[in-house]
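Respectively, the protein sequence lines represent chains A and B. Okay, so the first sequence: first residue is 3 according to our numbering, each after it adds one. Okay, so the second sequence: first residue is 3 according to our numbering, each after it adds one.
Hints are computed from structural coordinates only; laboratory data are not their basis. Please note: incorrect hints may appear among the correct ones.
Any copy will do: because identical chains look the same in the list, a pair fits if it lies in one copy or spans two.
[Stated by the list, open to error] Simulated pairs of lysine-lysine, DSBU-like, Cα-Cα distance not exceeding 30 Å: (1) Lys104 to Lys90; (2) Lys319 to Lys241; (3) Lys65 to Lys344; (4) Lys241 to Lys126; (5) Lys65 to Lys292; (6) Lys289 to Lys338; (7) Lys259 to Lys378; (8) Lys412 to Lys179; (9) Lys194 to Lys350; (10) Lys179 to Lys338; (11) Lys84 to Lys294; (12) Lys65 to Lys338; (13) Lys285 to Lys378; (14) Lys289 to Lys208; (15) Lys422 to Lys289; (16) Lys285 to Lys4; (17) Lys208 to Lys352; (18) Lys289 to Lys4; (19) Lys401 to Lys194; (20) Lys65 to Lys422; (21) Lys332 to Lys344.
Next come the chains, spelled out residue by residue.
2 protein chains.
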Amino acid sequence: MKLSQSGIGTMRVNNLDEMYPVQDILLQSGQLVQYGTGIYGYSNIVMLVKRNLERIIGEELNKAGCIEVQLPTLQPDTMWKKSGRWNKYIDEGVMLTVESDKGTFCMAPTAEEAVVEFAREKLKSYKHIPVTYYQIGEKYRNEIRTRGYLLRGKSFLMMDAYSFDADLDGLDKSYKKVRDAYLRIAERVGLKMIPVVADNGSMGGKKSEEFMFVSPIGEDTILYDEETKTALNTEILEKDNYEQYLKEEYGIEDISKYEKRKAIELGHIFQLGTMYSESMNAKFIDKDGKEKPFYMGCYGIGVSRLLAAIYENSCIKDENGKVVGIALPKELAPYKIQIIPKIENEQKVKQALELYERLNGTAILDDREGISFGAKIKDCKILGTPYMAILGDKVEDGKVELENTKTGEKQVVTIEEVIKLI
Amino acid sequence: MKLSQSGIGTMRVNNLDEMYPVQDILLQSGQLVQYGTGIYGYSNIVMLVKRNLERIIGEELNKAGCIEVQLPTLQPDTMWKKSGRWNKYIDEGVMLTVESDKGTFCMAPTAEEAVVEFAREKLKSYKHIPVTYYQIGEKYRNEIRTRGYLLRGKSFLMMDAYSFDADLDGLDKSYKKVRDAYLRIAERVGLKMIPVVADNGSMGGKKSEEFMFVSPIGEDTILYDEETKTALNTEILEKDNYEQYLKEEYGIEDISKYEKRKAIELGHIFQLGTMYSESMNAKFIDKDGKEKPFYMGCYGIGVSRLLAAIYENSCIKDENGKVVGIALPKELAPYKIQIIPKIENEQKVKQALELYERLNGTAILDDREGISFGAKIKDCKILGTPYMAILGDKVEDGKVELENTKTGEKQVVTIEEVIKLI
C-alpha cells in the first residue's frame, strides 16, 4: 500500500484509554471508526489482520477435515420457533429482529437452527456422517453492555462450527478434532488460549470448555497457575470437597498455586448432544435402518474479540511501561514492513520505490509529500508493521536501516537481506 | 476435499427450471439451501467460487490503487437522515430496519452514508485525496420481487467502491481507473461485461455506466451488436433525432445492426459529484485554504449476481442442448479436478489418495464407500470441477483417464501430467 493513495494523513494519539490503549490508538488514528455503541468500521490494515485470522482459523479447521459453508445472517423466525429458542432470545432482549414482507427475521446471533436446516436434507444416512460444518461470518446481538471497542459489540465476527455424529463416541471424536485445531490456532496466532472446563450456560448440553486468554482486560475470572500455564473454572471452589475432587479429576495436589486472574473468553466448545436434532426433528437413518437424532457439537471462536486481544498484546511500550505504539506479529501483519525514504534525497526515494515493488504487496511505502521524517516514523508505529526500513543519509546506497518495531532493535542490512527476511 | 468427510451423498436432479437450470441443479443437489424467499445458505464449493470472485475483484481494484476497508452492515438511522435518504428508502419499502436499545438501525442496502462518515475524519486536506475505498460485503434489501435464486435476493454480496476527489477532473480520473479495473475483472472471470451508458436512477448525479452481460435470464433489455460486441441503452431510441445523435456521439452509422437483447446488470458505476458531501457536510481544505465538498464516485459489482451468471454460463449440455451438469471455468473453480478411483481395485484407491494429496487442496477425492462408479461420475458433473480423473481398470497404473468436463474430451495421461496441468 502506498500511503499517498491511502487517505492516511499524519496521526496524533494521546491520553490513551488505560484499559484498552491499543484499541484506543486504532480509534484515535482512524483505523477504527465508530458509528455507534459497539459498531465499528475497519480501515485497511485492521480489516486485513482480521482476514489473516480468518485464513489461519480456516486452514487449521480444513486440516481437521471440517467443511466450510455459509449460512444466512438473515434468519426466518420459523426455525427459531421450531427449536423453541425464539421467545427465550426475545425475552432476554439480545435478538435484533427485522420485519419484512415475508414475515419476521432475526439477524443471526448464532446458527444452530440454520445449520440443522442445512444438514437436514443432506445428511440422510449414517453414510453421510460424521461431518463438521463451519463458517466465519458476522453475528449480531443487541448487546447493551458493549465493552472494550472490539471485545463485545452489537456486530462481531465469529467462527462457528457444528459437528454431526451418529452417537456419543463419534461426538467425542469430532469434539477432540476441533479442540486440537483450536490449540494449533492458538499456537499460530501467538496467544496462549487455555481450555477451561465450563458451564454450558444458555446453550445447554454436555461436555464443554472455554478457551481463555489471561489478560487484565478480560471480564471473566479463572484460577490460573503461572508455572504450568493451566487454568480452572472458579466454580470448582464452590463444590463440596473440592480438594478431593481436584486431586481425583485433575491430579492437582496444591490448589493454592492457582491464583484468580482476569481472562478473555476467545473460544468455546460444546457437546450439544441431541438437543437441537430432537427439538427440530433432524434425523438420519442408522445402519439398523432406524431413524435417529444426530449427536451434535458446536464450536465458536470470537474472531473480532481475538483481533482485539492480539492488538492489545502487540503494543510498543516506552521505558516507563507506557503504551506508545503498535507492532503486530509477523504472521498476522498484512504488511510486514514500512519503507520510509528521507524524501530530500531523490536516489533514496527511487530505491524505496524499487524495494516496495519487489516486496510485491507485503510492504507499505510512505511516499507522502510534505510530511516530516519524524512524523513518518511515528506514523509507522501507529500502523503497526513488525519492521521499519529507513533509507536515510547515514547508510550507503543499497542498504537500509532495519528496525524491529516491537523490540526497537536496529541494524544496517542490504536490500537483498530485507527481501529475504520478508 | 474428501467427499467421505463432506456430508455429500449421491445427488439426483431432474425437471430443471427452464430459465435457471444451473442454479436449480445447485438447489436440488443441496449446494444451495433455501431458507426463505431470496435467502440462501451456500455449501462449500459455491461459497468458495464466490470467494474466488472476491479475490479477483480485490486484486484488480488493489492494482488500481483502491484501498479495501470494511464498513458496518448495521447502520444508525442518523446518518441516513443527514443525507436525506432515510424517508425515501423507508417509503419505497426496500429498507430492512432493526430496533435496538440505542435507537433504529438499518441493515445496509448500500454505503454512501457510511463511507462519507468514514472519510470525514480522515480526508481533511487536499493532500489526503484522491482516494478510492472499497469493500466486499453483504447487503440487504426487502426485495419483494426476488428472482432467479441468486440473481436478486433479500441478502446479497456486493463490492461497493467510493472515490473522493477535489474536483471533476480528479473524479473523471478515478472513474476511469475503476472502469478499467472492471474491464480487467470481466476478462478474468470470463464474462463479457459491456459498459452501457445509463440513467442514474435513484442514485442521482452525473456520468454513469452499467456493465451488462447478455443473457436470456437478464431482466434488462439493451441494444446489442453481436459483431462489435457493443451495446446501447434502449432509451436512446426515445431521443429526437436519435440517428444523428448516435452518429455524432458514438460514430454509429447503422442502428439496425443493434438488436434488442436480454441482459443482466452485473456492475454499475456513477459519478455522484458533490451530492452526498454537500448534504452530509463532508469537506476538505483545498490548496487555497478554503473548505470544499468532495467530488465522489460510487461503483458497484453484484458479486452474488455475478456468481449466478457464471454458474448459468458453466453448464454441460447433452446432444439435444439440454443442461445436464456443471463445469466451472478453471480460474474460478475452488477444486480443479475430481479424482474417482474404481473402488474394487485397492491399488487404484491408493494411487487416487496419493494424487489427491499431491494436489494439495485443489482436488476433490471421491472416497465414498458403497456408491456405484456411475453415480460418482454423475455427482462429479453436479459439483462442477473443470476436470475429472478416473483411475480405472482400463488404464495402466500411474496413468489416469482425464476428462475435460465442459467439452467431454478424454485422454489418457500420466499422473505427473495431471499435476502439471492443475
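Structure-inconsistent hints, enumerated in ascending order: 2, 4, 5, 6, 7, 8, 9, 15, 17, 19
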